[in-house]
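Chains A and B supply the protein sequences, listed in that same order.
For the first sequence, our numbering assigns the number 1 to the initial residue and increments by one for each residue that follows.
For the second sequence, our numbering assigns the number 779 to the initial residue and increments by one for each residue that follows.
Please keep in mind that the hints were generated in silico from the structure rather than gathered at the bench.
Here the structure is a predicted model, which means the values were calculated and not measured.
Misleading hints may appear alongside valid ones.
As the list claims (entries may be wrong) - Here are the in silico distance ranges between beta carbons for each label pair: (1) B:S786 with A:K769: 36 to 42 Å; (2) B:K840 with A:A63: 56 to 62 Å; (3) B:S855 with A:A63: 46 to 52 Å; (4) A:A60 with B:P819: 49 to 55 Å; (5) B:D876 with A:D133: 41 to 47 Å; (6) B:A796 with A:K769: 58 to 64 Å; (7) B:S855 with A:T28: 38 to 44 Å; (8) B:G829 with A:I391: 57 to 63 Å; (9) B:E812 with A:E239: 52 to 58 Å; (10) A:R188 with B:A796: 27 to 33 Å; (11) B:A904 with A:A63: 50 to 56 Å; (12) B:A842 with A:T28: 51 to 57 Å; (13) B:P819 with A:R52: 24 to 30 Å.
As the list claims (entries may be wrong) - Stretch by stretch, here's where chain A covers chain B in the computed footprint (C-beta under 8 Å, at least three residues): (14) 793-805; (15) 879-893.
Unchecked claim - Listed next, the in silico DSBU-like pairs over lysine-lysine satisfying Cα-Cα at most 30 Å (straight line): (16) B:K908 with A:K55; (17) B:K827 with A:K148; (18) A:K54 with B:K827; (19) B:K834 with A:K55; (20) B:K908 with A:K54; (21) B:K780 with A:K775; (22) B:K780 with A:K769; (23) A:K399 with A:K488; (24) B:K840 with A:K556; (25) A:K399 with A:K316; (26) A:K54 with B:K834; (27) A:K316 with A:K345; (28) B:K840 with A:K55.
For each residue, glycine too, the CB sits at the ideal point set by N, CA and C.
Here is what each chain is made of, one letter per residue.
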Amino acid sequence: MADANTTPYVGRAMKRIEDPRLITGAGTYTDDLRLSGMVHAAILRSPHAHARIKKIDTAAARAIPGVVAVLTGADVNASCGFVPCAASMPDLKAPKHTVLAGDRVYFVGHAVAVAIASDPYVARDAIDAIDVDYDPLPVVANAEDAVKSGSPLTHPDLGTNVAYTHNVSGGGNIDEAFRKADRIVKHRLYHQRLTPMPIEPRGVVASYHAGEGALTLWTSTQIPHLIRTLLPGMIGVPENKMRIVAPEVGGGFGAKLNVYAEEALISHLAMRLHTPVKWIESRRDNASATIHGRDQIGEYEVAVKNDGTILGLKSKTIADLGSYLQLLTPAVPTLTGLVLTGCYKIPAVKMEIVGVYTHKMATDAYRGAGRPEATYLIERLMDVIAQELKIDRLELRLKHFPAPGDFPFPTSCGLVYDSGNYAAALTKAKQLANWDQLLKDRAAARAAGKLSGIGVSTYVEICAMGPSKAMPAGGWEWGCVRMEISAKVTVITGVSPHGQGQETTFAQIVADRIGVPIEDVVVMHGDTAVAHYGRDTYGSRGTAVGGTAIVMCIDKILTKAKILAAHLFETTVDHVVFEKGTFTSPGVTNRVITWPELAGEFYVAKNLPADLEPGLEASSFFEPQNFTFPFGTHIAVVDVDRDTGQVTITKYVAVDDCGPQINPLIVEGQVQGGIAHSIGQVLFEQTIYDEDGQLVTGEFMDYAIPRAHDIPDYILGSTVTPSPVNPLGVKGVGEAGTIGATPAIANAVMDALEPLGITHMNLPLTPEKVWQAIKSKN
Amino acid sequence: MKLSMSSSVAADRARVFAALIDPEVLRRTIPGCETLAATGPDAYEATLKIGVAGLKGTYTGKAAIADQQPPERLTLSFEGKGGPGFVRGSAAIALTADGDATRVDCEADVHVGGLIAAIGSRLVEAAARKLADDFFRQLAGTLT
Numbered sequence: 001m002a003d004a005n006t007t008p009y010v011g012r013a014m015k016r017i018e019d020p021r022l023i024t025g026a027g028t029y030t031d032d033l034r035l036s037g038m039v040h041a042a043i044l045r046s047p048h049a050h051a052r053i054k055k056i057d058t059a060a061a062r063a064i065p066g067v068v069a070v071l072t073g074a075d076v077n078a079s080c081g082f083v084p085c086a087a088s089m090p091d092l093k094a095p096k097h098t099v100l101a102g103d104r105v106y107f108v109g110h111a112v113a114v115a116i117a118s119d120p121y122v123a124r125d126a127i128d129a130i131d132v133d134y135d136p137l138p139v140v141a142n143a144e145d146a147v148k149s150g151s152p153l154t155h156p157d158l159g160t161n162v163a164y165t166h167n168v169s170g171g172g173n174i175d176e177a178f179r180k181a182d183r184i185v186k187h188r189l190y191h192q193r194l195t196p197m198p199i200e201p202r203g204v205v206a207s208y209h210a211g212e213g214a215l216t217l218w219t220s221t222q223i224p225h226l227i228r229t230l231l232p233g234m235i236g237v238p239e240n241k242m243r244i245v246a247p248e249v250g251g252g253f254g255a256k257l258n259v260y261a262e263e264a265l266i267s268h269l270a271m272r273l274h275t276p277v278k279w280i281e282s283r284r285d286n287a288s289a290t291i292h293g294r295d296q297i298g299e300y301e302v303a304v305k306n307d308g309t310i311l312g313l314k315s316k317t318i319a320d321l322g323s324y325l326q327l328l329t330p331a332v333p334t335l336t337g338l339v340l341t342g343c344y345k346i347p348a349v350k351m352e353i354v355g356v357y358t359h360k361m362a363t364d365a366y367r368g369a370g371r372p373e374a375t376y377l378i379e380r381l382m383d384v385i386a387q388e389l390k391i392d393r394l395e396l397r398l399k400h401f402p403a404p405g406d407f408p409f410p411t412s413c414g415l416v417y418d419s420g421n422y423a424a425a426l427t428k429a430k431q432l433a434n435w436d437q438l439l440k441d442r443a444a445a446r447a448a449g450k451l452s453g454i455g456v457s458t459y460v461e462i463c464a465m466g467p468s469k470a471m472p473a474g475g476w477e478w479g480c481v482r483m484e485i486s487a488k489v490t491v492i493t494g495v496s497p498h499g500q501g502q503e504t505t506f507a508q509i510v511a512d513r514i515g516v517p518i519e520d521v522v523v524m525h526g527d528t529a530v531a532h533y534g535r536d537t538y539g540s541r542g543t544a545v546g547g548t549a550i551v552m553c554i555d556k557i558l559t560k561a562k563i564l565a566a567h568l569f570e571t572t573v574d575h576v577v578f579e580k581g582t583f584t585s586p587g588v589t590n591r592v593i594t595w596p597e598l599a600g601e602f603y604v605a606k607n608l609p610a611d612l613e614p615g616l617e618a619s620s621f622f623e624p625q626n627f628t629f630p631f632g633t634h635i636a637v638v639d640v641d642r643d644t645g646q647v648t649i650t651k652y653v654a655v656d657d658c659g660p661q662i663n664p665l666i667v668e669g670q671v672q673g674g675i676a677h678s679i680g681q682v683l684f685e686q687t688i689y690d691e692d693g694q695l696v697t698g699e700f701m702d703y704a705i706p707r708a709h710d711i712p713d714y715i716l717g718s719t720v721t722p723s724p725v726n727p728l729g730v731k732g733v734g735e736a737g738t739i740g741a742t743p744a745i746a747n748a749v750m751d752a753l754e755p756l757g758i759t760h761m762n763l764p765l766t767p768e769k770v771w772q773a774i775k776s777k778n
Numbered sequence: 779m780k781l782s783m784s785s786s787v788a789a790d791r792a793r794v795f796a797a798l799i800d801p802e803v804l805r806r807t808i809p810g811c812e813t814l815a816a817t818g819p820d821a822y823e824a825t826l827k828i829g830v831a832g833l834k835g836t837y838t839g840k841a842a843i844a845d846q847q848p849p850e851r852l853t854l855s856f857e858g859k860g861g862p863g864f865v866r867g868s869a870a871i872a873l874t875a876d877g878d879a880t881r882v883d884c885e886a887d888v889h890v891g892g893l894i895a896a897i898g899s900r901l902v903e904a905a906a907r908k909l910a911d912d913f914f915r916q917l918a919g920t921l922t
């Protein structure tokens, strides 16, 4: 209690409440669940990118002792509906994606059959005994090839590989902008396909109570509530008979912001077999059958004056959607269009996005979802413009920043940025990086024949998703705060944190505002039987949207508590003072009422005012009126080894403005993890399918992710520009690192190679690729 | 994937050619071959137990011989599948007299799919070369 009466919890760099159980192995993940009578499923996946299934023979698999059932699409598809896509656009052509393949497979990893056995290893052996006779069909594995006439079709019945075309145009007249330009800067950029690779792959346990007709599904997901909204229509269990639980989730990064075939399939199997069923994804299946991210290729043109003034931006992007639509597949590239202009005043914009089907796994939201693509392209373009016009790249950026007084700032892409002070973040990053010294060091390194580069990225992103009118299935958030009879506080949130730390940050907010020790606050989430409604965790929305719902609950509780306090003081509410957990009424009485007494009165309920309900609990839905727009500046310094092509990050400075920080330690952790993702994207990672549509990066030997020694010591700073969108003023920070860092590091490597006349390379900048580029210039 | 391989067998062309189309010889000389039976003229079915990149698996498949020009050349087409994925392709095999021995040149076009491609494609070429070397060593042993 002493703590609560002294410094506030909010703003403190507190260790996370959830960590002790996680780091001592005491958390419960999906694979930790052991239900009585539970059987295990293994899924046979297609080795072909495109083929007709001529015959499936399951006899040998069924004959294996311990095998309970072996089922194919013909057995289950009619009972499992279609894998849902929540995004819609006017001309979207969508294939029907069943939970197991029908008569055709259309990507390597496409689920073909499922074996269920009493033991997971028997189930795994059983799928090897299933004999599938495939007739290979023509494959298209490259999105640019897919839009050419005569290309094989991903789905012959759609008659085209183009899923949709999305046009963004805004601001002034784009043609006039290009007519008035002194110069058109053109650039082609490829944002490579990535595999999310959370530590914990996906996993599902389903249990059906036939007597009650009720299904419980435990799934490693970010979105238990959205699943509860969408799964009933797939498997025919009503929403109010369905409980979805997200236990501990070992990383999501957008890959678990989805409704997957296995969630419907395993639920159906539990109903069909009258026993609980578990399915745990292997790392190899994770690589081929959990969504991929990014994969956009585009041609960009910027109309500029000789003094650097940007008049307009045109782009044509092809987004590789893979072979079918997951939950938000077609929407992700459109997010790129929304922040195409970055943190700059660009008066006219025209963007065409073509979503294309190929015989590959579906792409969908991956940490940053659309914004890393936009930021990478605009930040690379800013450097290319500066280089072509021979003007300072920081001056070019500063020249196009909206001033603090310009906010709320309407962009040519149709958004209204809530608040910002972009120059302040840039200035602070320069200070932390010791910019002038960096320039001297680079000059000295170059004079000594070394390849040394400095890269900058100034970014803005879209967070706190979002206003319901802009979201496919509502963007509000729900919360509930209850003071128990013991004066302990139970907080229930509709967001579903899985590493973002809201068990801690929400407890900090609640403990301060209610005036109880943080140890007395418990935050519950991720179980629809407890948190009845919610829109879950993605798009850096947890604290900005979910936290605000909690604040609204606290306000209601305090209002109600004051009514009872006034009653007990025999005065009116306006004479009640509430401060740090105690109620007083100066001038009326010397009596002091604390929470234990008041909570007791609320539940014993023998002395309540006539019109006051017993109990002290409140719930709220918060509907945000806008997104929030965090921003910042990242500076990366790299050395490139001339002889090996190896890139070493020697200094990394990030200044991020996510508004007021509830817990700076958690903010720092989110930024660090985000930058690590970017280091992976810039230096190591690329999901590769060969021309036959074979996935050749199916394990960590071929899909490299950064290891501890690849991560430099970060110098992290922040500026604080509150958002007017929510009462906490917070903006969100889950994706910022991933969005700001990729272009900063890429720009640094290109800066290092600039003296050699190398002006652009596609990511990832692996030693081999960099070495080849250096060699080609020797 | 295109593979070019050459080997020398200490026997004359006619004997080498005859061995290459003899199911009984092939069954004994193909590495990991468990069964091999003719299903028609120049057509075979086989079961092979082999490991590629640590992926041990049993593959069942078919092979057919075409374009026979004894004793100079033949074309082998094959397709096999197993737990770790599938292999299919064709190989043009040319026999050239080299003194008392025969040089065998093989130009193969191999496609792999599934797990073999996903986690073993780096190693497929090396594995294929090793299998071919083993095969020709066994074949040479049979003919001497």
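Can you confirm whether the C-alpha distance between B:K840 and A:K55 stays at or below 30 Å?
17 Å, holds
How about the stretch 879-893 of chain B: do at least three of its residues have a C-beta closer than 8 Å to a C-beta of chain A?
That given contact holds, which follows from 5 residues of the stretch 879-893 of chain B lying within Cβ reach (below 8 Å) of chain A.
The hint says 51 to 57 Å between B:A842 and A:T28; measuring C-beta to C-beta, is that right?
55 Å, holds
CA of B:K908 to CA of A:K54, is that 30 Å or under?
Violated, because 34 Å separates the two Cα atoms, which is more than 30 Å.
Is the straight-line distance between the alpha-carbon of B:K827 and that of A:K148 30 Å or less?
With Cα atoms ~42 Å apart, B:K827 and A:K148 exceed 30 Å; violated.
Quick one, are B:K780 and A:K775 close enough, alpha carbons at most 30 Å?
Holds, at about 27 Å.
When you check the alpha-carbon spacing of B:K908 and A:K55, does it fall within 30 Å?
34 Å, violated
Beta-carbon spacing of B:D876 to A:D133 - inside the hinted bounds 41 to 47 Å or not
43 Å, holds
Pairwise beta carbon distance, B:G829 to A:I391, judged against the given window 57 to 63 Å:
Holds - the Cβ-Cβ distance for B:G829 and A:I391, about 60 Å, lies within 57 to 63 Å.
How does the Cβ-Cβ distance of B:K840 and A:A63 compare with 56 to 62 Å: does it lie in that range?
Roughly 24 Å apart at Cβ, these two residues miss the hinted range, so it is violated.
Does the hinted range 38 to 44 Å hold for B:S855 and A:T28 at CB?
53 Å, violated
Confirm or reject the claim that B:A904 and A:A63 have a C-beta distance inside 50 to 56 Å.
37 Å, violated
Violated hints for the displayed structure, listed by number in ascending order: 2, 3, 4, 6, 7, 10, 11, 14, 16, 17, 20, 23, 24.
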